[in-house]
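Enquirer: Quick mapping for you: the protein sequence lines, in order, are chains A and B.
Residue 153 in the working numbering sits at position 112 of the first sequence, with consecutive numbering throughout.
Residue 218 in the working numbering sits at position 75 of the second sequence, with consecutive numbering throughout.
The hints are simulated quantities; they were obtained by calculation from the structure and are not laboratory data.
Incorrect hints may appear among the rest.
Derived contacts from chain A toward chain B, CB cut-off under 8 Å, selection only [stated by the list, open to error]:
(1) Thr95
(2) Ala122
(3) Lys136
(4) His149
(5) Asn185
(6) Ser188
(7) Lys189
Computed list of lysine-lysine pairs in DSS-like fashion (alpha-carbon distance at most 25 Å, straight line) [as the list claims (entries may be wrong)]:
(8) B:Lys171 <-> A:Lys214
(9) A:Lys136 <-> B:Lys172
(10) A:Lys182 <-> A:Lys150
(11) A:Lys116 <-> A:Lys179
(12) B:Lys485 <-> A:Lys136
(13) A:Lys109 <-> A:Lys262
(14) B:Lys162 <-> A:Lys189
(15) A:Lys240 <-> A:Lys168
(16) A:Lys136 <-> A:Lys109
(17) A:Lys66 <-> A:Lys150
(18) A:Lys116 <-> B:Lys172
(19) A:Lys182 <-> A:Lys195
(20) A:Lys168 <-> B:Lys453
(21) B:Lys277 <-> A:Lys214
(22) A:Lys168 <-> B:Lys277
(23) A:Lys182 <-> A:Lys240
(24) A:Lys136 <-> B:Lys171
(25) B:Lys277 <-> A:Lys153
(26) A:Lys179 <-> B:Lys162
(27) A:Lys214 <-> A:Lys182
(28) A:Lys109 <-> A:Lys179
(29) A:Lys262 <-> A:Lys244
(30) B:Lys362 <-> A:Lys153
(31) A:Lys66 <-> A:Lys195
(32) B:Lys171 <-> A:Lys182
(33) A:Lys116 <-> B:Lys171
(34) B:Lys390 <-> A:Lys150
(35) B:Lys171 <-> A:Lys195
(36) B:Lys453 <-> A:Lys214
(37) A:Lys195 <-> B:Lys172
(38) B:Lys453 <-> A:Lys150
(39) A:Lys240 <-> A:Lys214
(40) A:Lys262 <-> A:Lys285
Just so you know, even glycine gets a beta-carbon here, dropped at the ideal spot from N, CA and C.
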Amino acid sequence: MPILTMNNVTMAFGGLAALTNVNIKLEKGELVGLIGPNGAGKTTVFNVLTGIYTPTSGTIEYMNDNTKTVINNLKPHVISALGIARTFQNIRLFKELTVLDNIRIAIHKDVKYGMAPTFLRLPSFFKEEQSLLDNAYKLLKIFNLDSKKDELAKNLPYGEQRRLEIARALATKPSLLLLDEPAAGMNPNETAELTELIKWIWKEYGLTILLIEHDMSLVMKICERIYVLDYGMVIAEGTPEEIKNNKRVVEAYLGGEAPDA
Amino acid sequence: MIDVMMSEINTPEAMNSAKYPRKFTLLKKILFIVLFYGIIQLLIFLNVINAYYQVTLAMICINIILAVSLNLITGFTGQFSLGHAGFMSIGAYTCALITLNMDTPFSFIIGLIAGAILAAIVGLLIGIPTLRLKGDYLAIATLGLAQIIEIIIRNLDFTGGPRGLANIPQYANWTWLFLFTVITVVIISNFINSSHGRACISVREDEIAAEAVGINTTKYKVLAFIIGAFFAGIAGALYASYFYYIKPDLFGFLKSIDILVIVVLGGMGSISGSILAAILLVIISTYLQSFAEFRMIIYSVILVLIMIFKPQGLMGSSEFSLNRFIQETRKNLQKLGQKLHKVR
């Protein structure tokens with residue numbers, strides 16, 4: 042049963058079509074890659090999926106707990122509540138806040154106390170703040186960030202900022218995780234570590250993951266299926282092996298005949 | 144209940160235990176507040192703080208309420224508002240009209256609460272359409288709306304038109320002012336140090352990321368606006384009752400700027416900064432009264448100097464904590480002692 046179905050999604054900015062009739066289908070529990078040259082529209086796919094843009098035409102259906110929701114016109118925070126989380130290509134942490142607060146904000150939707158307990162510090166406030174803290178800790182431990190909980194996010198090394206962003210996305214308890222170039226700017230060692238981490242959370246949380254990545258070592262290693270986007274259109278879809286040998290893909294990347302396909 | 148500056152939350156000692164800091168410094172804080180109140184009350188009784196300085200004291204309290212509430216909107220939630228004096232005027236006129244028509248001490252409280260609620264409602268009505276805007280656009284929209292409020296008040300009959308309202312029964316005194324200042328600071332800092340407050344701060348930090356992790360940014364922007372407007376309404380009501388004369392000019396564009404200056408000077412996102420700056424600026428302008436012609440020039444030069452040497456404001460975004468202050472003083476004294484010992 043597909044968890045996400047994009048039917049003929051077109052996203053036009055004025056006369057410029059960033060996406061044209063994109064059809065992407067993700068089965069529950071899959072780990073799928075989304076690749077393509079620069080400016081192909083990969084991030085636009087994410088922005089359309091998370092409600093930052095409303096697609097010009099087409100529908101996006103999201104299936105969660107056996108209820109189908111059309112998420113085209115929903116606001117980003119509603120989509121997040123439905124269980125779609127994402128990271129950003131250019132890291133978007135709450136830079137001036139601590140690592141801990143970055144996570145606590147992401148689990149804010151679990152908070153049930155209202156205004157009166159907030160203003161008057163009633164017992165329910167302390168109870169829930171404690172459980173927020175516990176949950177945030179658990180997550181930070183998993184991501185090996187618990188020793189840095191009081192550091193400002195902006196002071197973390199690059200690799201840890203990436204990790205924190207993934208942790209923050211997971212804090213919203215998603216069933217579909219969208220990762221936008223998680224390995225960008227990482228050295229081979231860090232990339233290998235990240236690859237393991239992504240595999241691990243994928244299994245551990247039973248997630249469906251859609252991943253944008255330029256680093257082919259990562260994509261080929263962990264993705265079960267790959268979509269290739271070029272000029273806003275899906276030009277190929279298949280297993281890593283198939284994609285590697287697809288003529289159109291090689292052309293899109295190298296801009297000419299494949300020497301030895 | 145009263146848990147004033149919860150800044151201890153962020154100290155490393157408290158976090159290592161992974162326990163939400165719930166140690167009851169409550170009593171200490173109440174004691175501190177009562178003691179402070181008592182000392183000032185005693186000084187008033189002994190006439191060390193004479194009638195003239197009492198006015199200064201009142202201005203400090205009112206400015207603290209205004210600055211802390213604007214800081215919630217501008218400093219913490221990141222929504223640049225130039226309309227705070229508009230909310231203040233609603234509180235002032237509501238309280239003035241109610242006490243003028245119903246002259247009992249009870250009516251002061253009714254007027255004050257009605258003024259605050261009305262200001263909050265106007266905050267809601269203004270907030271929903273304008274908070275779609277960002278940065279400069281929002282500033283101009285709020286400025287315009289505050290101007291509209293001023294013009295409406297100026298042109299209505301029952302508000303006394305441009306001449307304003309005089310002989311408002313004077314119920315507000317130092318005790319009321321102090322009480323409401325404490326309430327404002329406690330409630331707003333409690334709000335900021337809660338999950339809802341963190342949601343507001345996330346809006347300031349990165350709106351897109353906040354939405355992506357499930358924060359309803361519109362809701363929290365409007366909420367901050369409502370709470371800010373509510374307390375601006377209280378400040379206005381206290382102002383009307385204490386100074387027993389109000390006119391539309393008092394709540395114009397310049398008043399909004401005054402409040403914003405306090406917030407920026409104290410540090411965007413620091414409640415103790417706002418308090419400090421409010422105290423400092425009122426004292427400076429009181430002392431400058433004697434240099435009538437140069438007053439505004441000196442005042443402006445001081446502002447420029449502070450902004451040059453401390454562009455993030457007096458406190459930046461950190462909070463003053465009594466415990467930390469004592470610890471650091473102790474440490475410094477020890478260091479000093481060691482140094483002296485070496486010299487000897």
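Enquirer: Compare the structure with each hint and give your call.
Expert: Hint by hint, here is what the structure shows:
1. Thr95: Constraint on A:Thr95 not satisfied, violated at 14 Å.
2. Ala122: 5 Å, holds
3. Lys136: 7 Å, holds
4. His149: Cβ of A:His149 sits 5 Å from chain B, so the hint holds.
5. Asn185: This hint is violated: A:Asn185 lies away from chain B, its Cβ roughly 16 Å from the closest one there, beyond 8 Å.
6. Ser188: Violated - the Cβ of A:Ser188 stays beyond 8 Å from chain B, reaching only about 10 Å at its closest.
7. Lys189: 11 Å, violated
8. B:Lys171 <-> A:Lys214: 40 Å, violated
9. A:Lys136 <-> B:Lys172: Measuring from Cα to Cα gives roughly 32 Å; hence the hint is violated.
10. A:Lys182 <-> A:Lys150: Holds, at about 21 Å.
11. A:Lys116 <-> A:Lys179: 29 Å, violated
12. B:Lys485 <-> A:Lys136: Roughly 43 Å separates the two Cα atoms, so the pair is violated.
13. A:Lys109 <-> A:Lys262: Between A:Lys109 and A:Lys262 the Cα gap is close to 31 Å, so the pair fails against 25 Å, i.e. violated.
14. B:Lys162 <-> A:Lys189: Roughly 16 Å separates the two Cα atoms, so the pair holds.
15. A:Lys240 <-> A:Lys168: 34 Å, violated
16. A:Lys136 <-> A:Lys109: 36 Å, violated
17. A:Lys66 <-> A:Lys150: 28 Å, violated
18. A:Lys116 <-> B:Lys172: 43 Å, violated
19. A:Lys182 <-> A:Lys195: 19 Å, holds
20. A:Lys168 <-> B:Lys453: 39 Å, violated
21. B:Lys277 <-> A:Lys214: Given that 25 Å is the threshold and the Cα spacing comes to 30 Å, the pair is violated.
22. A:Lys168 <-> B:Lys277: 36 Å, violated
23. A:Lys182 <-> A:Lys240: Holds, at about 17 Å.
24. A:Lys136 <-> B:Lys171: Judged against 25 Å, a Cα distance of about 34 Å means the pair is violated.
25. B:Lys277 <-> A:Lys153: Judged against 25 Å, a Cα distance of about 29 Å means the pair is violated.
26. A:Lys179 <-> B:Lys162: This hinted pair holds, its Cα atoms lying about 13 Å apart.
27. A:Lys214 <-> A:Lys182: Holds. A:Lys214 to A:Lys182 sits at ~16 Å (cutoff 25 Å).
28. A:Lys109 <-> A:Lys179: 31 Å, violated
29. A:Lys262 <-> A:Lys244: Holds, at roughly 15 Å.
30. B:Lys362 <-> A:Lys153: 15 Å, holds
31. A:Lys66 <-> A:Lys195: 36 Å, violated
32. B:Lys171 <-> A:Lys182: 35 Å, violated
33. A:Lys116 <-> B:Lys171: 45 Å, violated
34. B:Lys390 <-> A:Lys150: 45 Å, violated
35. B:Lys171 <-> A:Lys195: Measuring from Cα to Cα gives roughly 35 Å; hence the hint is violated.
36. B:Lys453 <-> A:Lys214: Roughly 42 Å separates the two Cα atoms, so the pair is violated.
37. A:Lys195 <-> B:Lys172: Judged against 25 Å, a Cα distance of about 33 Å means the pair is violated.
38. B:Lys453 <-> A:Lys150: 37 Å, violated
39. A:Lys240 <-> A:Lys214: 17 Å, holds
40. A:Lys262 <-> A:Lys285: 12 Å, holds
Hints 1, 5, 6, 7, 8, 9, 11, 12, 13, 15, 16, 17, 18, 20, 21, 22, 24, 25, 28, 31, 32, 33, 34, 35, 36, 37 and 38 from the list above are not met by this structure, while the remaining hints are.
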